[in-house]
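Asks: As given, the protein sequences belong to chains A and B, one line each in that order. To convert, note that position 190 of the first sequence is 190 in our numbering; the numbers rise steadily by one, no gaps. To convert, note that position 66 of the second sequence is 66 in our numbering; the numbers rise steadily by one, no gaps.
Read the hints as simulated data drawn from the structure, not as lab findings. Keep in mind that a hint or two might mislead.
Claimed, not checked - Heads up, simulated DMTMM-like pairs for lysine to aspartate or glutamate below, C-alpha to C-alpha not over 25 Å straight-line:
| no. | chain 1 | residue 1 | chain 2 | residue 2 |
| --- | --- | --- | --- | --- |
| 1 | B | Lys24 | A | Glu218 |
| 2 | B | Lys24 | B | Glu95 |
| 3 | B | Lys24 | B | Glu46 |
| 4 | B | Lys17 | A | Asp201 |
| 5 | A | Lys131 | A | Glu101 |
| 6 | B | Lys17 | A | Glu278 |
| 7 | B | Lys121 | B | Asp99 |
| 8 | B | Lys17 | A | Glu218 |
| 9 | A | Lys113 | B | Glu46 |
| 10 | B | Lys122 | B | Glu89 |
| 11 | B | Lys17 | A | Glu173 |
| 12 | B | Lys17 | B | Glu89 |
| 13 | B | Lys24 | A | Asp201 |
| 14 | A | Lys113 | A | Glu173 |
Everything numeric in this text was worked out from a predicted model, so none of it was measured.
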Amino acid sequence: MNDAPVIQTHGLTRYYGAKAVVQDLNLEIPRGSVFAFLGRNGSGKTTTIRMLLGLLAPTRGGGRVLGCDIRALTPDVRARIGYLTEEHRLYDWMKVKEIGEFQAAFYPRWHPKIFSGVIGHFGLRPEARVKELSRGQRAGLALALTLAPDPELLILDDPALGLDPVARRSLVESMIYLTRRSDRTIFFSSHNLGDVERVADQIAVLDYSVLRVCCSLETFRASVQEVLLRFAGAPPPLPPIPGLLQAFRTAHELRVTCVHYNRETEAALRKLSPLSLELPPLGLEDAFISYLGERGEKSFILADAEEEP
Amino acid sequence: MNLNVVISTGSTTPIYKQIADQVKLAVATGRLAVADQLPSVRTLAESLVLNPNTVARAYADLARDGVLESRPGRGVFIIQKRRVFAREEGRRRLEPLLDALLGEAMAMDFTPEELLAAVAKKISQWKPEKGAE
Numbered sequence: 001m002n003d004a005p006v007i008q009t010h011g012l013t014r015y016y017g018a019k020a021v022v023q024d025l026n027l028e029i030p031r032g033s034v035f036a037f038l039g040r041n042g043s044g045k046t047t048t049i050r051m052l053l054g055l056l057a058p059t060r061g062g063g064r065v066l067g068c069d070i071r072a073l074t075p076d077v078r079a080r081i082g083y084l085t086e087e088h089r090l091y092d093w094m095k096v097k098e099i100g101e102f103q104a105a106f107y108p109r110w111h112p113k114i115f116s117g118v119i120g121h122f123g124l125r126p127e128a129r130v131k132e133l134s135r136g137q138r139a140g141l142a143l144a145l146t147l148a149p150d151p152e153l154l155i156l157d158d159p160a161l162g163l164d165p166v167a168r169r170s171l172v173e174s175m176i177y178l179t180r181r182s183d184r185t186i187f188f189s190s191h192n193l194g195d196v197e198r199v200a201d202q203i204a205v206l207d208y209s210v211l212r213v214c215c216s217l218e219t220f221r222a223s224v225q226e227v228l229l230r231f232a233g234a235p236p237p238l239p240p241i242p243g244l245l246q247a248f249r250t251a252h253e254l255r256v257t258c259v260h261y262n263r264e265t266e267a268a269l270r271k272l273s274p275l276s277l278e279l280p281p282l283g284l285e286d287a288f289i290s291y292l293g294e295r296g297e298k299s300f301i302l303a304d305a306e307e308e309p
Numbered sequence: 001m002n003l004n005v006v007i008s009t010g011s012t013t014p015i016y017k018q019i020a021d022q023v024k025l026a027v028a029t030g031r032l033a034v035a036d037q038l039p040s041v042r043t044l045a046e047s048l049v050l051n052p053n054t055v056a057r058a059y060a061d062l063a064r065d066g067v068l069e070s071r072p073g074r075g076v077f078i079i080q081k082r083r084v085f086a087r088e089e090g091r092r093r094l095e096p097l098l099d100a101l102l103g104e105a106m107a108m109d110f111t112p113e114e115l116l117a118a119v120a121k122k123i124s125q126w127k128p129e130k131g132a133e
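From just these sequences and the hints, can you work out the full model?
Replies: Take a look at the structure:
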């Protein structure tokens, strides 16, 4: 099989007026991966996806999708990409099976079995009217329409948005099912880190339009470390620590999160002569929040007003 | 075969390690015996709704630790555990686990005697592996 990356961008940049929404994005997505695209709201994920699909012209830089320049995607390349938008736009006046038949006419490679399989998985009746469907059912129908042409590359823009836990699980199951074909690639954006932990093998993190992370899930987890320091009295002021993300102080403790924790970091922290230094494990969600939350040193200040009168 | 893996996302333990830990526990408590077959990577991934690479990573770690063996074309099987760590290395790895246990037990006001009794009871529930000792 072809080993070239399915998606590759170099210096991909988009401005809206004077504001850079996506800045110098260098992304490489290997074939066969399940790639999660993370970042806070407004960090430029949808803009990136729209540029990858040729729906929005980059201000600078460029990229290739399935080997084709994103500024000149041909219809046959587009037919090999499945794209699920955030909004699940559907024809409300059609029935489920009608919308399937209608869409089939646009694709040379359409699999009615995949379509009926996915709508069955989401508990949809073929005779149901689209306008009567719940949000989860609409998502299922939109996914069925996206999967039926058996796309080589599946791009999902926040597919779990607004779904209940049952519909979300069906969605994740469909994604896992798709990995049966090892040459199929999934690129999806999400805010649900539980889902990401289940299905993704690679992640990229956009932070205020700039790509900060692009690696395997485990590498990301392993590179964000929390350190808990205990002191007899109030913790001393923190010297400059390489890779510091956040510091949080209480009466006798200093909780520090940093990236690329190593001997050097530990030596710098030991200089504060703490009573103890512990490295508690960090979950994906906490690692992510430390990474993207406001940086710097924080503490709770208990104002006198909060004390008992 | 009696493998009942439960996965929790959002845990401080990575998912591949949750799987490996639970297989090890099942072997230690006799729910899985030598020569028992485990589900394939694909089957377990689909039943647990996980990326197959995560399950493959867990199986690779278990194979490295001498718990299971993948026989091409036949499947994945529990094998007679060989000692993978030298005793010294084993002790070094045991140390932090003991510290955690003692810390928790002290916080819950267990006396040393109570703790020893609890540990002894747990050990008595283990089924020794066939052929061991």
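Asks: State for each hint whether it applies.
Replies: Evaluated hints:
1. Lys24(B) / Glu218(A): holds (21 Å)
2. Lys24(B) / Glu95(B): holds (18 Å)
3. Lys24(B) / Glu46(B): Within the cut-off at roughly 21 Å; holds.
4. Lys17(B) / Asp201(A): holds (15 Å)
5. Lys131(A) / Glu101(A): holds (17 Å)
6. Lys17(B) / Glu278(A): With a Cα-Cα distance of about 21 Å, the restraint between Lys17(B) and Glu278(A) holds, given a limit of 25 Å.
7. Lys121(B) / Asp99(B): holds (19 Å)
8. Lys17(B) / Glu218(A): holds (11 Å)
9. Lys113(A) / Glu46(B): holds (20 Å)
10. Lys122(B) / Glu89(B): holds (24 Å)
11. Lys17(B) / Glu173(A): holds (21 Å)
12. Lys17(B) / Glu89(B): holds (19 Å)
13. Lys24(B) / Asp201(A): Status holds; Cα separation ~24 Å.
14. Lys113(A) / Glu173(A): Satisfied, since the Cα-Cα distance of roughly 17 Å is no more than 25 Å.
Every hint from the earlier list agrees with this structure, and none is contradicted.
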